[in-house]
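Protein sequence lines, in the order shown, are assigned to chains A and B. What the first sequence shows, in our numbering, is residues 66 to 195, in sequence order. What the second sequence shows, in our numbering, is residues 400 to 609, in sequence order.
Possibly wrong hints are sitting among the right ones.
Claimed, not checked - Straight-line Cα separation of at most 27 Å, BS3-like style, residue types lysine-lysine; simulated pairs:
id : chain 1 : residue 1 : chain 2 : residue 2
1  : B       : Lys556    : B       : Lys518
2  : A       : Lys144    : B       : Lys556
3  : A       : Lys176    : A       : Lys144
4  : B       : Lys518    : A       : Lys152
5  : A       : Lys106    : A       : Lys152
6  : A       : Lys152    : A       : Lys176
7  : B       : Lys556    : A       : Lys152
8  : A       : Lys106    : A       : Lys144
Said to hold, decoys possible - Quick partial rundown of chain A residues pointing at chain B, CB under 7 Å, derived from the structure:
id : residue
9  : Gly96
10 : Ile113
11 : Cys125
12 : Lys126
13 : His130
14 : Gly170
15 : Leu171
FYI, nobody ran anything at the bench for these hints, they're computed from the structure. Beta carbons: idealized from backbone N, C-alpha and C, even for Gly.
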Amino acid sequence: MASRRLGRWVPPVVLAVSMLVLVWPLAAEYGDVVLNHNSDKAGVRPVIFPHWFHRIRFRCKVCHHELGFEMRAGANDVKMRDLTQGKFCGMCHNNEVAWGLENCGLCHSGKPGLAGGIYGGHRTLGPGRW
Amino acid sequence: MARNLVGYLSAITFLAAAVFLVGCDRPGDLESFATKGPPSAEPASVNVPASPPEPVIPWALLAHDNLHDPRNPSLALMQEPAEALSVLSPAQEGNFVNWVAALRSGEISPRTNVYPETKIRVLDLDVLMVDTAAMPVVLFPHRPHTEWLDCSNCHDKIFVAKSGANPVNMFRILQGEFCGQCHGAVSFPLTQCQRCHSVPREQALQAVPK
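From just these sequences and the hints, can you work out the full model?
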């Protein structure tokens with residue numbers, strides 16, 4: 066009898082928990098990109114690229130036109146070797162335009178094991194094919 | 400059966416309310432963020448007069464955003480989203496910033512180029528997309544797009560530079576094609592229908608030559 070009474074509460078609790086998952090605000094800032102092609106393998110934290118921070122200071126065209134970053138998340142195989150040669154992030158992160166590559170932790174700042182990709186933010190998870 | 404239903408509904412309502420209350424810890428987050436700043440000379444008094452309720456701050460602290468590793472010592476050096484974004488023209492979603500308005504009003508002046516020889520191309524040309532069923536017609540303004548982007552970002556990889564040559568529809572946009580390559584990911588989300596579907600059909604028909 067007691068277990069039946071308890072069982073009555075299972076569906077609403079399951080429903081409420083699933084609602085919680087649905088309405089819980091995803092805290093990543095809209096447009097944050099996690100780069101983890103190589104970081105986990107190399108034993109460093111994954112890179113978090115915050116679009117919001119960069120677009121205050123640079124227009125999209127600087128990275129997506131001048132620097133040649135593909136628009137599709139995951140399409141850019143960014144390696145530290147390229148950065149030290151002034152490619153990708155290394156075009157600005159060189160202690161001239163912006164701080165240099167020796168500040169590892171400012172980019173390699175994600176929780177270990179994060180999946181690469183774009184993190185849509187609070188209200189949308191981004192388009193299906195990201 | 401009816402009693403069960405009432406029980407379920409009240410349980411759901413109660414739990415949903417609890418969820419929202421728990422979810423509202425963000426103003427608290429921001430307080431802790433504010434206290435990280437220079438310590439004020441006067442400690443906060445208990446007898447502060449009742450102020451209107453704080454609006455919910457939509458920007459999470461980096462340490463609590465489920466992405467950044469709170470153990471990273473460099474985290475303290477980073478700018479918090481709330482610090483930068485709360486002073487810009489507001490929007491309902493995304494970064495909660497109307498980036499086009501922020502640029503227009505001069506709140507931000509992001510660099511257009513790093514190489515001095517790069518040609519800055521801005522085009523002032525509106526395109527009406529009238530095949531929108533019951534929705535208002537879409538007005539695509541090149542100007543705000545080219546203030547941020549270069550022509551080559553969209554043409555001809557994402558859009559053929561020819562009117563009517565692109566089979567755009569909402570399904571494909573929601574899949575991340577066409578406009579959906581940026582909108583819904585970085586630029587304003589696809590839930591802000593009216594920002595694109597902005598021209599009433601009658602008005603659009605007057606503007607387009609027959």
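Hint by hint, here is what the structure shows:
Using a Cα cut-off of 27 Å, the hinted pair Lys556 of chain B and Lys518 of chain B holds, with the two alpha carbons roughly 20 Å apart. With a C-alpha separation of about 25 Å, the suggested pair Lys144 of chain A and Lys556 of chain B falls inside the 27 Å cut-off, and the hint holds. A distance of roughly 19 Å separates the Cα atoms of Lys176 of chain A and Lys144 of chain A; the hinted pair therefore holds under the 27 Å criterion. Taken as a hint, the Lys518 of chain B and Lys152 of chain A pair is honoured in the structure, with Cα atoms around 20 Å apart against an allowance of 27 Å.
Note on Lys106 of chain A and Lys152 of chain A: the hinted pairing holds, with a Cα-Cα distance of about 21 Å set against a maximum of 27 Å. Of the pairs offered as hints, the one joining Lys152 of chain A and Lys176 of chain A holds, with about 25 Å between alpha carbons and a cut-off of 27 Å not exceeded. Restraint check for Lys556 of chain B and Lys152 of chain A: the C-alpha separation of about 22 Å stays at or below 27 Å, so the hint holds. The hinted pair formed by Lys106 of chain A and Lys144 of chain A meets the criterion: a straight-line CA distance of about 12 Å does not exceed 27 Å.
Against a cut-off of 7 Å between C-beta atoms, the interface hint on Gly96 of chain A holds, since the closest Cβ of chain B lies about 4 Å away. At a threshold of 7 Å, the smallest CB-CB gap from Ile113 of chain A to chain B is about 6 Å, leaving the interface hint in force. Using the Cβ-Cβ criterion of 7 Å, the hint placing Cys125 of chain A at the interface with chain B is satisfied: the shortest such distance is roughly 5 Å. Interface hint status for Lys126 of chain A: upheld, as the beta-carbon distance to the closest one in chain B is roughly 4 Å, under 7 Å.
For His130 of chain A, the interface hint holds, since its Cβ comes within 7 Å of a Cβ in chain B; the closest pair sits about 4 Å apart. Using the Cβ-Cβ criterion of 7 Å, the hint placing Gly170 of chain A at the interface with chain B is satisfied: the shortest such distance is roughly 3 Å. For Leu171 of chain A, the interface hint holds, since its Cβ comes within 7 Å of a Cβ in chain B; the closest pair sits about 5 Å apart.
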